[in-house]
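Visitor: Chains A and B are the protein sequences, given in the same order. If you're matching positions, the first sequence starts at 154 in our numbering and goes up one per residue. If you're matching positions, the second sequence starts at 42 in our numbering and goes up one per residue.
If you are wondering where the hints come from, they were derived from the structure by calculation, not from laboratory data. Keep in mind that the hints are not guaranteed to be accurate.
[Said to hold, decoys possible] No farther apart than 30 Å at their CA atoms in a straight line, the calculated lysine-lysine pairs in the DSS-like style are these:
| id | chain 1 | residue 1 | chain 2 | residue 2 |
| --- | --- | --- | --- | --- |
| 1 | B | Lys320 | A | Lys293 |
| 2 | B | Lys162 | A | Lys471 |
| 3 | A | Lys448 | A | Lys343 |
| 4 | A | Lys293 | A | Lys343 |
| 5 | A | Lys448 | A | Lys266 |
| 6 | A | Lys343 | B | Lys332 |
| 7 | A | Lys372 | A | Lys451 |
| 8 | A | Lys293 | B | Lys332 |
| 9 | B | Lys332 | A | Lys471 |
| 10 | B | Lys162 | A | Lys372 |
| 11 | B | Lys332 | B | Lys114 |
| 12 | A | Lys266 | A | Lys343 |
| 13 | B | Lys332 | B | Lys320 |
| 14 | A | Lys471 | B | Lys320 |
| 15 | A | Lys266 | A | Lys471 |
| 16 | A | Lys451 | A | Lys266 |
| 17 | A | Lys471 | A | Lys343 |
[As the list claims (entries may be wrong)] Facing chain A, from chain B, some residues (calculated, C-beta under 7 Å):
| id | residue |
| --- | --- |
| 18 | Pro111 |
| 19 | Thr206 |
| 20 | Pro310 |
Each residue gets a CB set at the ideal place from its N, CA and C atoms; glycine is no exception.
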Amino acid sequence: MTKISQVSVGAQDATSKLFRAREHSVEVEARPLGGDDIKPRKFNPPLPRRYYLYLLAPAIGILAFISLYPFFWLIFLSMQDVDIMGGNWVGLENYANLLTDRRFLNGWSLLLKYSAACLFLQLTIGVILAVIVNNSRYEKVLVTALLMPMMMAPAVAGLLWLFLYNGTFGWYHWIMESLGILGSASILAKADTAMAAIVMVDVWQWTPLITLIALAGLKRVPRDQLEANMVDGASPLRNFFAITLPNLYPVLVIGVLLRFMDNFRFIDHILVLTGGGPASATKILPVYLFEVAFKFFKLGRGAAIALTLLLVTIVLGKILVSVFDKPKGSRS
Amino acid sequence: MASLDVVHYDSPRMRILRFGAGIFLVLYLLWTLVPFFVMFVSSFKDLLAAFNLPEVGDWSGITLFFDFTPTFKHYVSLFVDNNFSTYIANSLMAAGGSAVISVIFGSLAAYSLSRVEFAGKADLFFWIISTRMAPVVAVMVPLYSIFRALDLVGTLPGLILAYTTFNLPFAIWILKGFFDNVPYAIEEAQMVDGSTRIQAFVSILPLVAPGIGAFVVLCILFAWNDFLFAAIIGSGGAKTLPVATRELVQPQNIQWGAIMAAGVVTTMPMILLGLVIRKYLVTGLTMGAVKE
Numbered sequence: 154m155t156k157i158s159q160v161s162v163g164a165q166d167a168t169s170k171l172f173r174a175r176e177h178s179v180e181v182e183a184r185p186l187g188g189d190d191i192k193p194r195k196f197n198p199p200l201p202r203r204y205y206l207y208l209l210a211p212a213i214g215i216l217a218f219i220s221l222y223p224f225f226w227l228i229f230l231s232m233q234d235v236d237i238m239g240g241n242w243v244g245l246e247n248y249a250n251l252l253t254d255r256r257f258l259n260g261w262s263l264l265l266k267y268s269a270a271c272l273f274l275q276l277t278i279g280v281i282l283a284v285i286v287n288n289s290r291y292e293k294v295l296v297t298a299l300l301m302p303m304m305m306a307p308a309v310a311g312l313l314w315l316f317l318y319n320g321t322f323g324w325y326h327w328i329m330e331s332l333g334i335l336g337s338a339s340i341l342a343k344a345d346t347a348m349a350a351i352v353m354v355d356v357w358q359w360t361p362l363i364t365l366i367a368l369a370g371l372k373r374v375p376r377d378q379l380e381a382n383m384v385d386g387a388s389p390l391r392n393f394f395a396i397t398l399p400n401l402y403p404v405l406v407i408g409v410l411l412r413f414m415d416n417f418r419f420i421d422h423i424l425v426l427t428g429g430g431p432a433s434a435t436k437i438l439p440v441y442l443f444e445v446a447f448k449f450f451k452l453g454r455g456a457a458i459a460l461t462l463l464l465v466t467i468v469l470g471k472i473l474v475s476v477f478d479k480p481k482g483s484r485s
Numbered sequence: 042m043a044s045l046d047v048v049h050y051d052s053p054r055m056r057i058l059r060f061g062a063g064i065f066l067v068l069y070l071l072w073t074l075v076p077f078f079v080m081f082v083s084s085f086k087d088l089l090a091a092f093n094l095p096e097v098g099d100w101s102g103i104t105l106f107f108d109f110t111p112t113f114k115h116y117v118s119l120f121v122d123n124n125f126s127t128y129i130a131n132s133l134m135a136a137g138g139s140a141v142i143s144v145i146f147g148s149l150a151a152y153s154l155s156r157v158e159f160a161g162k163a164d165l166f167f168w169i170i171s172t173r174m175a176p177v178v179a180v181m182v183p184l185y186s187i188f189r190a191l192d193l194v195g196t197l198p199g200l201i202l203a204y205t206t207f208n209l210p211f212a213i214w215i216l217k218g219f220f221d222n223v224p225y226a227i228e229e230a231q232m233v234d235g236s237t238r239i240q241a242f243v244s245i246l247p248l249v250a251p252g253i254g255a256f257v258v259l260c261i262l263f264a265w266n267d268f269l270f271a272a273i274i275g276s277g278g279a280k281t282l283p284v285a286t287r288e289l290v291q292p293q294n295i296q297w298g299a300i301m302a303a304g305v306v307t308t309m310p311m312i313l314l315g316l317v318i319r320k321y322l323v324t325g326l327t328m329g330a331v332k333e
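Isolated chain B, as found in the complex:
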């Protein structure tokens, strides 16, 4: 409790509660982390070793999980047999491209939305944010039909544009909150000193730069992790990592070792990025509604 210093609880009931909380925490951590551990370890296992399972109910057989000789062959096969370097490049370009476009145009739009009032602003704003909230499949039906007519299906520009449908509204919405927090007085002071409006805008950029950086990363994260757009709009020419990983599942032959290795390759960079922008993560994932 926030104020143990005021009244100290140490009844037996409290001790049981605390013990229960500890157990709950340990169980939850196991539940969260074990899949990662299994993925990581299995990516180094030979196929036969990965399929080794003890008899049902034989709890001591759990040690069988660690009974293997590590091999890197799945990682090698990803890059040698499966073209994963191309897919990584595709993922990077699609995610990075849409993030950069979204944040550049998003910050301009967010700045002006933050500084000017006009009739219908609330409606415009709601339209922008509802674009971000719309179900991906529902958005994709007309988008696919339009993109097919424009020959954008299966191309990287098409995929970048598709990712912009959710990243641009997100950037506008979040960055507006950032610009709202910068007092207009700073720009006024700059302009009294003789700078133009554009120079005044540039002068407040350093104040919002960390936030903008964090949201470039978040936009990359959303696009990198996307599966639906990549599977339909990017299918063919612009295959990204999640789609390529999914395609390792073939009816005849599911290459589990390679899938786990691809999972590690896809997930690791995002976990690292997530830790880097930890401070902005909750704000970003709740669209700015909850701030830490």
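Okay, chain A solo, but in the shape it has when bound:
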């Protein structure tokens, strides 16, 4: 008994020593190292907004230099009479001149005519094609074939069609002449057919885009509606106009707006094919602008024309973005 108690007393001693030691060390460890004001370290403090700003800044900086600054420079330029040698201030004279410039007004009307023709053909052919491709067994192969024209540089497409249209050795010229559509003069040589020629190239190259857009839309036409309508005895054609087309409408609006703006943006094939001729028959506004600014180097005058073109594009862009942002419709 005593032995045990002795032992236990000894143990108590030892443990109490141990505890004391630990208490001591805890005390030491827990003692704050510095002053009382040090707070525990927080990982990932709530986001400083600066952080995102740093990420955004370089891109905005670049864009400011290549888009915002040029935009104000454009306005400044448009009030000058700039030539190769430099410029002098003329105020609003460039704009006043535009109002009486017949080629400027003609450029707008040609641009609208050109766009209307392109859009009408692309929309009609594109949608019909999309419906056919959607029902075809060979959809994948067909889409691959349709992609090809869009991948070609528009300037190269222009050269290729220049070759096909050629009055002496062009195969398309030969076909059209053999069919009796065209006389012996090249399609590009006459004022009334040249416009049709450039429209054909645009239709060749960009109808597939409308087809692909419509195809994406067709995949989302609700099947149950189609089936319900069919069970009620609607014909396929009726089904198309009553259900498919209204469902397609939002994507088609986007397609048309995009193509319309591209008609403003790209004039490569026109420059290559006709250069605006013959006799200004294909001198749509961007082509006219190109001629004024980069053939005659009337940069001031060109700037005034460019500004009118930009304003119309900005309005179109606003419409397009508002279509993008619609909660329903194309976005899945």
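Keeping the supplied structure of chain A fixed, place chain B upon it in accordance with the hints.
Guide: Frame of chain A; chain B shown alone:
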């Protein structure tokens, strides 16, 4: 129709419709593909053979098109007489350079635009996208005037910067859509585990990587196919393929064989790239408005 299994149409009228659709499809495919075929075949034709054309109305003479002995001399002349290897390098550097710059800065900007709200964000966004939509000629008037003052006209850096005017806004706009689709919860989880914000950003990159890759390719495509910027801003020192091809058209002597060969050289890589990023193509060409 989507539901032939429900009601089966097989009226005579339907059969006519289907037949008409078949004809339309075949005609359209011919219309789309024949120019490519002509370009390809003509690039192997001798000049005289290329100009062989049957009499007007002589439809059987169409076989004349195939009546030639193939030659590679146009391709050889492109690289030997016309410096096309330089132009290919120019095209590659201008397109690749602007694509890389656009996607690096574009993805940073798109990420922060996707993760933070601030006043005027919609306006900033519209400004960015309207830069992409502006007519190329209109953009070029002030840009040319500025670049001329900075001696950037006719240089590769100038051309890269010019291409960035449309590629950077495009990249920001499209990639924002990509980042919007990545839930913020992933980054939060990463940060709870102790990673920093930058590490969290890097950790979601693999999720958007295929999209970013596809848009590098699309940016290359837009720049490669450009003609106007290259013709004006790149004229002289930084001639790219479309401009060089166009310059084979000379008033006295249009080298059609070489032009067709240059067309093949310019177009083929882009068609292949287009097929590679097929999945993202519609999204890209419609600026993300239409998704497949």
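Visitor: Indicate, hint by hint, whether the structure satisfies it.
Guide: Verification of the hints:
| no. | hint | result |
| --- | --- | --- |
| 1 | Lys320/B / Lys293/A | 12 Å, holds |
| 2 | Lys162/B / Lys471/A | 15 Å, holds |
| 3 | Lys448/A / Lys343/A | 23 Å, holds |
| 4 | Lys293/A / Lys343/A | 40 Å, violated |
| 5 | Lys448/A / Lys266/A | 25 Å, holds |
| 6 | Lys343/A / Lys332/B | 42 Å, violated |
| 7 | Lys372/A / Lys451/A | 50 Å, violated |
| 8 | Lys293/A / Lys332/B | 17 Å, holds |
| 9 | Lys332/B / Lys471/A | 21 Å, holds |
| 10 | Lys162/B / Lys372/A | 33 Å, violated |
| 11 | Lys332/B / Lys114/B | 44 Å, violated |
| 12 | Lys266/A / Lys343/A | 17 Å, holds |
| 13 | Lys332/B / Lys320/B | 9 Å, holds |
| 14 | Lys471/A / Lys320/B | 28 Å, holds |
| 15 | Lys266/A / Lys471/A | 22 Å, holds |
| 16 | Lys451/A / Lys266/A | 26 Å, holds |
| 17 | Lys471/A / Lys343/A | 38 Å, violated |
| 18 | Pro111 | 18 Å, violated |
| 19 | Thr206 | 5 Å, holds |
| 20 | Pro310 | 9 Å, violated |
The structure is inconsistent with the numbered hints 4, 6, 7, 10, 11, 17, 18 and 20, although it conforms to all the rest.
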